[in-house]
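Colleague: This is what each chain is made of:
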Amino acid sequence: MVPLSYYLILSAILFTLGVAGFLFKRNIVTIFMSVELMLNAVNLTFVALSYSLRQLDGQIIVFFVMVIAAAEAAVGLAIIITVFRNRESLNVDRIDLMKL
Amino acid sequence: MYQLLFFVFAGAAVGFAINLLLQRHPIHSALSLIGVMASLASLYLMLGAEFIAAAQIIVYAGAIMVLFVFVIMLLNAGEEERTQRSRFAKYLGLPLILLLVTSMAAVIYRQVPQDAMVRFGDFPGRTADIGRRLFLNYLLPFEVVSIVILVAIIGTVVLARKDSETEGPGKAVVSEK
Chain A
1 MVPLSYYLIL
11 SAILFTLGVA
21 GFLFKRNIVT
31 IFMSVELMLN
41 AVNLTFVALS
51 YSLRQLDGQI
61 IVFFVMVIAA
71 AEAAVGLAII
81 ITVFRNRESL
91 NVDRIDLMKL
Chain B
1 MYQLLFFVFA
11 GAAVGFAINL
21 LLQRHPIHSA
31 LSLIGVMASL
41 ASLYLMLGAE
51 FIAAAQIIVY
61 AGAIMVLFVF
71 VIMLLNAGEE
81 ERTQRSRFAK
91 YLGLPLILLL
101 VTSMAAVIYR
111 QVPQDAMVRF
121 GDFPGRTADI
131 GRRLFLNYLL
141 PFEVVSIVIL
151 VAIIGTVVLA
161 RKDSETEGPG
171 KAVVSEK
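Top line first, the protein sequences correspond to chains A and B. Heads up: the first sequence runs through residues 1 to 100, numbered per our numbering. Heads up: the second sequence runs through residues 1 to 177, numbered per our numbering.
Hints were generated in silico from the structure; no laboratory data involved. Treat each hint with caution, since some may be false.
On the chain A side, residues computed to face chain B include the following (Cβ under 10 angstroms) [what the hints assert, rightly or not]: (1) R26; (2) N40; (3) I61; (4) V62; (5) E72; (6) T82; (7) F84; (8) D93; (9) I95.
Stretches of chain B that chain A covers, calculated by requiring three or more beta carbons in the stretch to come under 8 angstroms of a beta carbon on chain A [unchecked claim]: (10) 9-21; (11) 32-38; (12) 55-69.
Note that CB positions come from ideal geometry on N, CA and C, so glycine has one too.
Chain B with its partners taken away, still in its complex shape (with noise of 0.2 angstroms):
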């Protein structure tokens, strides 16, 4: 049972994967993107991951991808142009993403002790002891991350200012009004 959910959430993932790499519109690539991040929250809760799996579906799938889906909608963007410039991409692309994917499958292999088995239940990765944890060791993290935040804010509303006077992100930080 638990097998046939692995490959049935994996074989899902890897789908919407690539069918985000074959879709020429930008909003049929997000949706397969939020079945992407479905299926690994779904990954997330089968590895007793059950805080992740929610803030996954809550911060990925909801927040990030509405985001994606409102400025691609924001900016009307059209199907995607195939331009044919680079020919090392044609013929070699595919050929080096392959061996990409085999060196890392080879190195994933060598490295990981077969006997390693994932049994459903067998961790219990508590929300609270979570929760503990990220206020006592990582607390400098997680305050230093509160103001990474603050700065992704403020950058944001200055670089998607619409400025009526000037022209150019760049004039807009200078002329205040």
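Bound conformation, chain A alone (with noise of 0.2 angstroms):
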């Protein structure tokens, strides 16, 4: 048995973690991983909470939320593509012009 904090506070801690990546990180994919970490520990919280309600709700609106993520990494990485395509970089400190 498990208290239903220790769930949410692992949580916390790992979406701490997504927001740390995504402010120190200089790499664009690393960036754009730390979004999806993000998303994963949300997707922690409301399958906990699931749980602790004892209703399914929390566990379709997880499967929405991979739905988006897939889509979101998918647009995302287009652009990163289409970026590097364009200034031969990751860096995020490079990519500081809207034009060429």
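Both chains are given apart, each in its own frame, so use the hints to dock them into the complex.
Modeller: Now the structure itself:
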């Protein structure tokens, strides 16, 4: 038996690590992976609260989050490929102009 | 036993996430993220969410991460360059991150009742019930999500298309052959 709050605090820790990665990393692909980490942390919260409330709606929302995450990953990676083709760099400090 | 398994998988998830931050090469970060997702799938199983656990492995650790690894290899992404631009992040970053996690933990401790326990097998979230609810109560969001995916497919194809005549992705839409 584990208290429910352990799950929620684990989720908070993972979310914070995602925020840290988003802010500290300089590679655009790794920044994108940090966003995925944050989405996963939120999913854990949904599943834990779905267990606690004995309702399946949380799991269905997680399902939708996964679908949106897949679509977001596909579009985001396409944008990254386009940016790399134009800038020849993945470092976000060098991608700081809207126009070439 | 349950407690032991929880701490093993929770420790693995946090360890892999920290490794994601510390690794300089994107491919190592991607492999760490797969580890995080596998640990989270085990935690979902322990919470009685078999369908979500399977979908986590198939969709996240399978499809999405394959996409990431594919892009990393396609772009031949090398080691991350270190830049020392922000002194603010250097000195205040870690304290602010710790402040964020402690404030979230404080809110959780205040809001969640202390006697709420998680026991294995207590809540069998049956996959059949999820499907029934998905197609009865959540039918409209389901259809909207399918449109979102269609738009995402079209957007991805347009964005990632390589055009030989014009340069720049903006013109790719105009130059239909």
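Colleague: It remains to establish, for every hint, whether it holds in the given structure.
Modeller: Status of the hints after comparison with the structure:
1. R26: Hint holds; R26/A Cβ to chain B Cβ min 5 angstroms, cut 10 angstroms.
2. N40: Holds, about 6 angstroms.
3. I61: This interface hint holds because 9 angstroms falls under the 10 angstroms limit.
4. V62: At 5 angstroms from the nearest chain B Cβ, V62/A passes the 10 angstroms test, so the hint holds.
5. E72: holds (8 angstroms)
6. T82: holds (5 angstroms)
7. F84: Holds, about 5 angstroms.
8. D93: Holds: closest Cβ of chain B sits about 5 angstroms from D93/A, inside 10 angstroms.
9. I95: violated (13 angstroms)
10. 9-21: holds (count 7)
11. 32-38: holds (count 3)
12. 55-69: holds (count 8)
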